[in-house]
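**Student:** Sequences listed follow chains L and Z, in order.
Start counting the first sequence at 1; every next residue gets the next number (our numbering).
Start counting the second sequence at 1; every next residue gets the next number (our numbering).
Rather than coming from a laboratory, the hints here were simulated on the basis of the structure.
Note that CB positions come from ideal geometry on N, CA and C, so glycine has one too.
One or more hints might be untrue.
[To be verified] Partner residues aside, some chain L positions facing chain Z, computed with beta carbon under 8 Å:
| # | residue |
| --- | --- |
| 1 | 4 |
| 2 | 62 |
| 3 | 166 |
| 4 | 168 |
| 5 | 175 |
| 6 | 177 |
| 7 | 181 |
| 8 | 261 |
| 9 | 303 |
| 10 | 306 |
| 11 | 307 |
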Amino acid sequence: MIATFLIQDGVTNGAIYALLGLALVLLFSVTRVIFIPQGEFVAYGALTLALLDGGKVPATTSLLVCFGAVAFLFDLWSMRRGTDIRAFLRSLALNLVLPGVIYGITIVLAPLDLPSVAKALLTILIITPMGVYVYRIAYRPLADASVLVLLIASVGVHLAMMGLGLVFFGAEGLRAEPLADDNYTIGALMVSAQSLCIYGATIAIIVGLYMFFERTLLGKALRATAVNRLGARLVGVRTHLTGVTAFTLAAAIGAVSGVLIGPITTIYYDTGFLIGLKGFVAAIIGGLASFPITAIAAIGVGLVESFSSFFASSYKEVIVFGLIIPVLIWLSLSGGFHEEE
Amino acid sequence: MKNRFFAGMAPVAVLSLSLFASSALADVTIGVTISSTGPGAALGIPLKNSVELWPAEVGGEKLKVIVLDDAGDPSVATTNARRFVNDDKVDVIVGSALTPASIAVAGVAGETSTPHLSCSPVPPNISKGKWTFVMPQDAGLIARNLFAKMKADGIKTVGYIGFSDSYGDLWMGQFKAMGEQYGLKVVADERYARPDTSVSGQVLKLVAARPDAVFVGASGTGAALPQIGLRERGFTGKIYQTHGAVTFDFLRIAGKAADNTIFASGPAMAPEALPDTAETKPEGMAYVTAYEKKFGPGTRTQFGPHINDAMAILKKAIPVALKKAKPGTPEFRAALRDAIETGGPFPASQGVFNFKADDHLGLDDRAVVLFTAKNGKFEITK
């Protein structure tokens, strides 16, 4: 009886970790960035949803406008040696008009008491473009740097985003309202509608990613970049485009995770980091390359976490993060050492 | 040659300048180090806000207040405290908001003979220090009141759930030390971390142990996580929360799950509800009114009043010390320390401080009230 509760809890959390793990694997394989701030997108998403529930205009919208403005300045700087008008207009539309429009939509919609699904969609709309700007500001100038430099940049982006989170959301936690309030009883199990949403969204995103990579030209370009950046470039894949796409997808997945997890727990400005790390454990078990192994490992992480919180709650984090050690030993013994490019 | 001469003269010039500066500034200087960022930000920000409500002068002397952020990090707190003492020549240090950082500040204060008012609880070996005085209620005082209430409610078995850090250990320690005295038996000891996304495992184990009541040793909105979890899993018994949980954010997050819960608190959370005879009422009302006027209604916290109380003590102690020595001198700091230790009682918002040479906590039962939650508000209970 208790075991079924624990399994249910573990699978629910594991599904969230799976989403984060998938985003991390996606980003690493396409751009070689170990994206520590992935958890921040989750926290931003959850906090944005919680503020929308309160009928307030979330601070992430003004943050989005600021990010866009900075990205525009970066574009202007790189165009300083003369440019064509089309690139300028494109940058203007992407970096200034788009966040402005989202800002306007939010101001109009926030005070209306929207249904929760609409709030969730609005949240995802606000958070997703941040991926584009984070890539433009922090990573595009470093696109050809080593994995280590990119990792250090990630630490910087993580600290900056966490600090901005504290400024904009305050130090106390928020909790969003569930997307659906119902509970269903299946045998002895009580399943909440929110956890069903989580399972559904995770499966939908996994299937969606599969279709994207298998069926679309852009998805295939991403896969090509993941296999070999230089080779992809030689056959005409624009690696900046694949980078932007990967970051947009990652931000969208982060926002979805935030919307899903916001109603089941209290989220603080710094919660995202820990959630992201657990997704990272799953991504490491998947060797930062395999999507299916990452997804399964994430469910495993959720289960281990939930059982260890029952049997040895003081050592829970130790057990969860300890999982990574045997995997690393095994990977380093079996795979041998190889540096990319 | 000429260059060398100037190089030799420069330190002398600086020295005479700084001598001049310190003799010109006879104001009382207060150094405040608190965690307005980092893991203690929820505690540190109301403290920092409360500093803004301090008066501009005390006993005819201007106050010079320097506020630094230590991010809850003991090493930064040490650096801040040393800066206060060496560069700013402060007369008293206030802070920090988190226990580890306060311990670090107490170390510097003791070494440099500077009075120190800590805004977080500290372990007994630190509060025994000659120069450190503690503003918040210590865990023993709160625990005694909560345990007595449990006994009165007929509680025999208790399930414990707390933070997996020193705050969680602190309350478990109180059960070990005094639980038996009040006929309380702990049947489960569970831990979790503030950023955890779920406490289902711990809650299941608590419910399975069938305790009469559950005691939550956590602070801020983090204390709401097991509260909600327990109610979701159908636990209907009484839940007891420490003063760390008494915030309006807690009620906002916990909502209906906060019913049938007893909170220990300092009186400054609801001075309106105190009888007019309470010695903590005037300071509490003045502080809460001023704070909510500046930062909005419903923004009061358990932690901010410690800053107000530090000033309530200094307001009485500084004039006494001024009669003996000039600010900025070691003699003034010693006189200020003596005035704090012997000049009580100091009625403040969170209690009446009456320090003695062997008691730098100084609070008694007047510093604790018990609340229940009703309709998103705290109400005093007996």
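**Student:** Could you check if residue 307 of chain L really has its C-beta closer than 8 Å to a C-beta on chain Z?
**Tutor:** Nearest chain Z Cβ about 7 Å off; hint holds.
**Student:** Hey, does the residue 4 of chain L contact hint survive, CB to chain Z under 8 Å?
**Tutor:** 10 Å, violated
**Student:** Would you check whether residue 303 of chain L satisfies its interface hint, that is, whether its CB is within less than 8 Å of any CB in chain Z?
**Tutor:** The hint is violated - residue 303 of chain L has no Cβ within 8 Å of chain Z, the shortest such distance being about 11 Å.
**Student:** Let me know if the C-beta of residue 261 of chain L comes in closer than 8 Å to any C-beta of chain Z, holds or violated.
**Tutor:** Holds - the Cβ of residue 261 of chain L comes within 8 Å of chain Z, reaching about 6 Å at its closest.
**Student:** Holds or violated: the hint that residue 62 of chain L contacts chain Z, with Cβ atoms closer than 8 Å.
**Tutor:** Nearest chain Z Cβ about 20 Å off; hint violated.
**Student:** Given residue 166 of chain L was flagged as interface, is its beta-carbon under 8 Å from a beta-carbon of chain Z?
**Tutor:** 6 Å, holds
**Student:** Hint validation: residue 175 of chain L versus chain Z, beta carbon distance must be below 8 Å. Holds or violated?
**Tutor:** Holds: closest Cβ of chain Z sits about 5 Å from residue 175 of chain L, inside 8 Å.
**Student:** Does the closest beta carbon of chain Z sit nearer than 8 Å to the beta carbon of residue 168 of chain L?
**Tutor:** 13 Å, violated
**Student:** Could you check if residue 181 of chain L really has its C-beta closer than 8 Å to a C-beta on chain Z?
**Tutor:** This interface hint is violated because 13 Å lies over the 8 Å limit.
**Student:** Is the shortest C-beta separation between residue 177 of chain L and chain Z less than 8 Å?
**Tutor:** 10 Å, violated
**Student:** At a threshold of 8 Å, is the proposed contact between residue 306 of chain L and chain Z supported by beta-carbon distances?
**Tutor:** 5 Å, holds
Violated hints for the displayed structure, listed by number in ascending order: 1, 2, 4, 6, 7 and 9.
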